[in-house]
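J.: Line by line, the protein sequences are chains A and B.
Each residue of the first sequence is one higher than the one before, counting from 1 in my numbering.
Each residue of the second sequence is one higher than the one before, counting from 1001 in my numbering.
These are computed hints drawn from the structure, not numbers from a lab.
The beta-carbon is built from N, C-alpha and C at its ideal position, and this holds for glycine as well.
Among the clues, some could well be false.
[Said to hold, decoys possible] Between beta-carbon pairs, the in silico distance windows are: (1) A/Glu132 <-> B/Pro1069: 37 to 45 angstroms; (2) B/Asn1199 <-> A/Gly213: 48 to 56 angstroms; (3) B/Lys1271 <-> A/Gln231: 40 to 48 angstroms; (4) A/Leu262 <-> B/Arg1214: 32 to 40 angstroms; (5) A/Gln231 <-> B/Asp1209: 36 to 44 angstroms; (6) B/Arg1063 <-> A/Gln231: 53 to 61 angstroms; (7) A/Ser141 <-> B/Ser1149: 47 to 55 angstroms; (8) B/Arg1272 <-> A/Glu160: 30 to 38 angstroms; (9) A/Arg93 <-> B/His1109: 50 to 58 angstroms; (10) A/Leu364 <-> B/Thr1266: 53 to 61 angstroms; (11) A/Glu160 <-> B/Thr1266: 49 to 57 angstroms.
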Amino acid sequence: MGLEWRLAWRNVWRNPRRTGLTVAATVFAVLLVILSVALSTGMHDKMVEDSVRVHSGHLTLAAPDYLEERSLEQSLQLDAALARELEATPEVRGWAPRVTSFALVSKQSESQGALVLGVDPEREKSVTTLAERVKRGRFVSGESREIVLGELLAQNLGVEIGDEVLLFGVAYSLESAYELFRVVGTLRLPEPQLERSLAVVSLVDAAEFFVMGDRVSEIALLAANAGRTQQLRAALSATLADRGILAHTWQEVMPELDVFILLDDAAMYLTLAILVVVVAFGILNTVLMAVLERKRELGVVLALGLRPGSVLRVVYLESLMLAAVGLAIGAALAIPIALYFQHNPVEVGGDFAELGKFFGFEMLILTRLETSNLVGSSLTILGVAAIAAFYPALKASRSRPVEALRSL
Amino acid sequence: MTREIRCVASGALAASILLAVSIAAAASARAELLPAPEDVDARTLARRAEGSLRSDRTYLAARMVIESPRLTAPRKVAFESWEDAPAKRSFIRIREPAKDAGTGFLKLHPNLWMYIPRVERTVRVPPSMMLQSWMGSDFTNDDLVRESSELDDYDHAVLGIETEPPGSPGRRAYVVDYIPHEEAPVVWGKIRAWIDIENGMPLAQDFFDEDGERLRELRFGDFRELDGRHVPHRWELTPLDKQGHKTLIELLEIEFDAPMKDDVFTKRNLKRNVKRRR
Chain A
1 MGLEWRLAWR
11 NVWRNPRRTG
21 LTVAATVFAV
31 LLVILSVALS
41 TGMHDKMVED
51 SVRVHSGHLT
61 LAAPDYLEER
71 SLEQSLQLDA
81 ALARELEATP
91 EVRGWAPRVT
101 SFALVSKQSE
111 SQGALVLGVD
121 PEREKSVTTL
131 AERVKRGRFV
141 SGESREIVLG
151 ELLAQNLGVE
161 IGDEVLLFGV
171 AYSLESAYEL
181 FRVVGTLRLP
191 EPQLERSLAV
201 VSLVDAAEFF
211 VMGDRVSEIA
221 LLAANAGRTQ
231 QLRAALSATL
241 ADRGILAHTW
251 QEVMPELDVF
261 ILLDDAAMYL
271 TLAILVVVVA
281 FGILNTVLMA
291 VLERKRELGV
301 VLALGLRPGS
311 VLRVVYLESL
321 MLAAVGLAIG
331 AALAIPIALY
341 FQHNPVEVGG
351 DFAELGKFFG
361 FEMLILTRLE
371 TSNLVGSSLT
381 ILGVAAIAAF
391 YPALKASRSR
401 PVEALRSL
Chain B
1001 MTREIRCVAS
1011 GALAASILLA
1021 VSIAAAASAR
1031 AELLPAPEDV
1041 DARTLARRAE
1051 GSLRSDRTYL
1061 AARMVIESPR
1071 LTAPRKVAFE
1081 SWEDAPAKRS
1091 FIRIREPAKD
1101 AGTGFLKLHP
1111 NLWMYIPRVE
1121 RTVRVPPSMM
1131 LQSWMGSDFT
1141 NDDLVRESSE
1151 LDDYDHAVLG
1161 IETEPPGSPG
1171 RRAYVVDYIP
1181 HEEAPVVWGK
1191 IRAWIDIENG
1201 MPLAQDFFDE
1211 DGERLRELRF
1221 GDFRELDGRH
1231 VPHRWELTPL
1241 DKQGHKTLIE
1251 LLEIEFDAPM
1261 KDDVFTKRNL
1271 KRNVKRRR
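Isolated chain B, as found in the complex (with noise of 0.2 angstroms):
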C-alpha cells in the first residue's frame, strides 16, 4: 500500500516537473515566435494550405519508402492514386513490389475495398481494421478514407511568426493551431501547422492526441512550382510512439484537376489489373 502511495507521489513529482519544464519549453518556444500581423485570418492561411495540396481531382504517382527497425532495407511500394474529391470518392493501385502489384483500393464513400490479385478476392475493409496499418506503412487506412476537411472540421487559431519551421530551415512560416470540432470525426486532439508566409504551403506539421500528447508528425519537402502552386514533393511521416519507423512518401507525378472518367472508381475497375496510366 505505502509502496502504491509513493509511486503515486513520485509520479505526481514527475508529472508536475514535466510540467514545469513543458511550461519553460512552451514559454521559450514562444519567445521565437513573432507577432502575427493582426490582418492575418487563420482561416484563409488554412484554406490556401488545404487547397495547395488538393483539387477536386488529383491524380498522383508516388513511391512510398518505409523504414523501420524489422527491416535491414527499407521497403518501397511505388502506387497511383485518384481522387475525386467532391464525390468523396477515390481509387489506388499499387504497382511496386510485385508481390503486391495490382492490389487495388477503391474508397465509395463510407465504405473502403480492396482487391487481391493474387487471390481474385475483393474485400471490404471492416471499421476494425481501420486503424491498421496501410500497406506496411506508418500510413493507417483510414487515413485513405478520413473524410475530415482541415477547413471545415477544425476552428485556426494563429500563433505567431516562426523563424526556423521544423525541417524547412530559412523559410518563414505562421504557427497556425487547428482544434477540432465537437462531432467531428476527428482521430486528434489537436493539429499544428507551420504555412509559408510567402506562398502559403504546408510546411510541417504536428498531430496531438486528446491529452496533449505528440503522436505523429509530418514534414514537407522538395517544393516544386506547379500550375502557380509550390508543391511539396516529399513528404515524411514519423510516427513518434514507434522507434525507429519512418515513412516517406516521394511524388513521382501530380496533376490537379485531371480528367477523370467515371468508371475508375467502380469495382470492375478494382479487378481490371490496368497497366500503368502512363
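Bound-form chain A, shown alone (with noise of 0.2 angstroms):
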C-alpha cells in the first residue's frame, strides 16, 4: 500500500510544470467556487433578513388557512396564556399582533383600496422596521384614531399630513364600518405594490373598527436564529395545533422571494458545474498525457509482477492528488478572504445604494462560510476528479506488458 502512494506521488511530479499548471486551474475553481458560494449564502440571508423585517417577519403565526383567504374570519384568539407562551420561548426574539383587512380610503370624493394593518406601536418595532420607513410625519403613537398611509397612496388621494380620511369597510360582523382617522404621517416602502395600499393604523382602533374584540389576524414573529426557524415553526405549529393556529413561514408568505433566491443559486451553481468539468478536463488530460508517456515504464512493472489492481489504484491516487493539492490550496486562500467579508461587509456607494435603500436592502457585500457549503464543495471537486481520472487508469491497467515493451 504504502509503495502505490509513493510511485503515485512521484508520477504526480513527473512532470512539474504540467502538474504545475493543472493545479493552479484547479486552485483558481476552488477559490471561485467558495466565494460565489459564500457570496450569494451571505446576500442571499441578508435579503431575507431585511425583507422580512418589512413586513412579515420570519413566521406568520394565523389560522391554517389564512393565506388563501386573509378574510377577518381566520383570526386567532390572543390571549395571556399565548402571550406568555411567546414570551417564554427563547427563540423568539420578537412577536407583533396585527390586525388587518381590506378597506377604502377616502379623501373627499377621491378613494382608493387599502390594506389596513393595525398595529401595537411598541411590539411591531421588535420585529419590523416599519416605523423607521416614515417618509413624512411619524408613525401611529398608539393615540386613538391615528393613520399613517403609504407615500404612494397618500400622493394618490392627494393628502397631506394632519388630513382626515374616512375608511370604509366590512366589520367581523358583516355591518359595515366607518371612522374618521387623522393623517399623521407617510411611509416608504421597497415594494410599490405595498406602498400604494398600506394604511397603518393602532391595533386597538383596527380592533375597534374591525369588531374584532379580542381577536387578531395574525401574530408576526422574528426568530433569534434565521436559519433554525423551519424548527421554531415545527415547535411553535405543535404546540399551538390545539388553538387552532399555524406558524406559515416567510417562504410562505413571501414566495416570490424563495423563487428569486432559488433561481438565483440555479443561475449560481450552473455556471460553478460549468467551471469544474473544464477542471475535471484538465485533470484528465494531465494523467492521460502521465500514463501514455509511461507505456514502457508501466508494461516493466507489470512485467514485474504488479497486479493490474494496483496499477490502477496509483493512477487514480495520481489524479486525487492532483485534485487535493488543488483543493488544499485552493481553500487555503478562499476561507480567509470569505472570513474577512463576513466580518467587514463592504458597503457600495453612489446609485447602487441608493436602488438598495429604495428596495430596503443595506447594498453591501458580504460572505457567509458555512461548514456544510465547504464540505459539499470540496466533496463535488474530489469526486468529478475521480470520475475523470476513470478512463486513464482504466487504461493504464489494461496495458499489455509484451507490446508495451515492444512498442518504445
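Since each chain sits alone in its own frame, please combine them into the complex, following the hints.
T.: What follows is the structure, encoded as C-alpha cells:
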C-alpha cells in the first residue's frame, strides 16, 4: 500500500510544470466555487433578513387557511396564555399582533382600496422596521384615530399630514364600518404595490373598527436565529395546533422572494458546474498524458508482477492527489478571504446604494462561510476528479506488458 | 426532492381519479337529461330568461338575509333600488338596519358612488374594491355595477332537458350553458342556467371560473305572476368557496317599466336622505 502511494506521489511531480498548471487551474476553480457560494449565501441571507423586517417577520402565526383567504374569519384569540408562551420561548426574538383587512380610504370624493394594518406600535418595533420607514410626519403613536399611509397611497389620494381621511369597510360582524382618521405620517416601502395600498393604524383602533374583540388576524414573529426558522416553526405549530394556529414561514408569505433565491442559486450552480467540468478535463488531460508517456514503464512493472489492480490504484491516486493539492491551496486562499468579508462587509456607495435603500436592502458585499457548503464543494471537486481519472486509470491497468515493452 | 416528486405524482394521481369521477358524474348527469327539441333556440331562451327579471326601468324593494358562520343571528338589510337600464345607471338606498339606513349607492356608468349619511360623505368606490363584499353580503360591488349582459356577452348552447332542476323539483327545465365571448367584461368562465320549459323563467344558475370550478350557485324560488311574467321573489346565493355563507334576497315589491325622474340618478339625490318612496 505504501508503495502505491509513493509511486503515485512521485508520478505527480514527474513533470512539475504540467502538474503546476493543472494545480493552478484547480486552485482557481476552488477559489471561485468557495467564494461564489459564500457570497451568495451571505447576500441571500441579508436579503431575507431585510425583507422579513419590512413587513412579514420570519414566521406568521395565523389560522391554517389564512394565507389563501386573508379574511377576518381566519382570526385567532390572543389571550394572556398565548402571550406568555411566546414570551417564554427563547427562540422568539420578537412578536407583534396585527389586525388586518381591506377597506376603502377616501379623502373627499377621491378614494383608494387599502390594506389596513392595525399594529401595536411598541411590539411592532420588535419585529419589523415599519416605524423607521417614515417618509413624512411620524408613525402611529398609540393614540386613537391616527393613520399612517403608504407614500404612494397618500399621493394618489392627494393627502397631506394633518388631513382627515374616511375609512370604510366591512366589519367581522358583516356590518358596515366607517371611521374618520387623522393622517400623521407616510411610509416609504420597498414594494411599490405595498406602498400604494398600506394604511397603518393602531391595533386598538383596527380591532374596534373591524369589531374584532380580542381576536387578531396574525402574529408576526422574528426568530432569534434565522437559520433555525424551520425548527421553530415545527415547534410552535406543534404546541399551538390545538388552538387552531399554524406557523407560516416567510417562504409561504413571500413566495416570490423564495423563488428569486432559488433561481439565483440555480444560475450560480450552473456556472460553477461548467467550471468544475473544465477543471475535470484538465485533470483528465494531465493524467492521461502521464499514462501514455509511461507506457513502457507500466509494461515493465506489470511484467515484474505488479497486479493490474495496483496500477489502477496508482493512477487513481495520482489524479486524486492532483485535485487534493489544488483543493488544499484553493481552500487555504479562499477561506480567509470569505471570513474577512463575513466580518468586514463592504458598503457599496453611489446610485447602487440608493437603489438598494429603495428596495429596503442595505447594499453590502458580504459573505457567509458555511461548513456544509465547504464540505460539499470539496467533495464535489474530489468526486469529479475521481470520475475524470477513471479512463486513464483503466487504460493503464489494461496495458499488456509484451506490447508495451515492444512499443518504445 | 423525492418528496416533491412523490407529491406531484400523488397530485397527478388524485387529479386523474378526480377527472375520472367527474367524467363519470358528468356522464350520469347527462344521462338524466332528455334531448331538447331541435327547434329550441338557446339564444331565444336566454333572451326570455333575462327579460323576465328586467325591464328598461325597474323599481324594487327587497330584504337581504345574510348567513355566515361569524354570526349568531343572520344580518338583515332592507333596500330599495331604481334601475334605468338603457342609460346604464341605477340608484340604491339602504333602509335597514338602522345603523346603515340612508346609505346610498349611485351607479353612473362606469363609476359607482357611495354616500354615507353618518359622516355625510360621498365616495367613489375604486376599481380595487369592486370584488369586495357589498353590505356584508356574498354579492360584490361588482355585481352591482356589472355592465355585461347575459344575452349579448355570451354564446348559448342548449344541453338538454332536466326533469329535476336544482332547487325546483317537479319543474322541467332546459339546461343552457352560457360561454362568455373572448373580450366580454365578464368574471365567469361559464354560467349554467336552468330555464323553465313552461314559462321561460330562470330557475337556477351555477357560476364557474375559467378552470371550470363551480364558484357559486344562485337559486330562484317563490314565483309570483306579475305583468304576465312569473317573477321569482326569492333569490338565494351560495358561494361555494366559503363554507356556511349564504345570502338570500326576498323581493318585497317589484315594478317593471316604472316611471322614474331623471333627478333620481344624481349625486344630489344621494345626499337627500329621502324617506321610503311608498
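J.: Against this structure, judge whether each hint is valid.
T.: Each hint, compared with the structure:
no.: 1; hint: A/Glu132 <-> B/Pro1069: 37 to 45 angstroms; result: 39 angstroms, holds
no.: 2; hint: B/Asn1199 <-> A/Gly213: 48 to 56 angstroms; result: 49 angstroms, holds
no.: 3; hint: B/Lys1271 <-> A/Gln231: 40 to 48 angstroms; result: 59 angstroms, violated
no.: 4; hint: A/Leu262 <-> B/Arg1214: 32 to 40 angstroms; result: 34 angstroms, holds
no.: 5; hint: A/Gln231 <-> B/Asp1209: 36 to 44 angstroms; result: 38 angstroms, holds
no.: 6; hint: B/Arg1063 <-> A/Gln231: 53 to 61 angstroms; result: 54 angstroms, holds
no.: 7; hint: A/Ser141 <-> B/Ser1149: 47 to 55 angstroms; result: 52 angstroms, holds
no.: 8; hint: B/Arg1272 <-> A/Glu160: 30 to 38 angstroms; result: 31 angstroms, holds
no.: 9; hint: A/Arg93 <-> B/His1109: 50 to 58 angstroms; result: 53 angstroms, holds
no.: 10; hint: A/Leu364 <-> B/Thr1266: 53 to 61 angstroms; result: 59 angstroms, holds
no.: 11; hint: A/Glu160 <-> B/Thr1266: 49 to 57 angstroms; result: 30 angstroms, violated
Checked against the numbered hints listed earlier, the structure breaks hints 3, 11; every other hint is satisfied.
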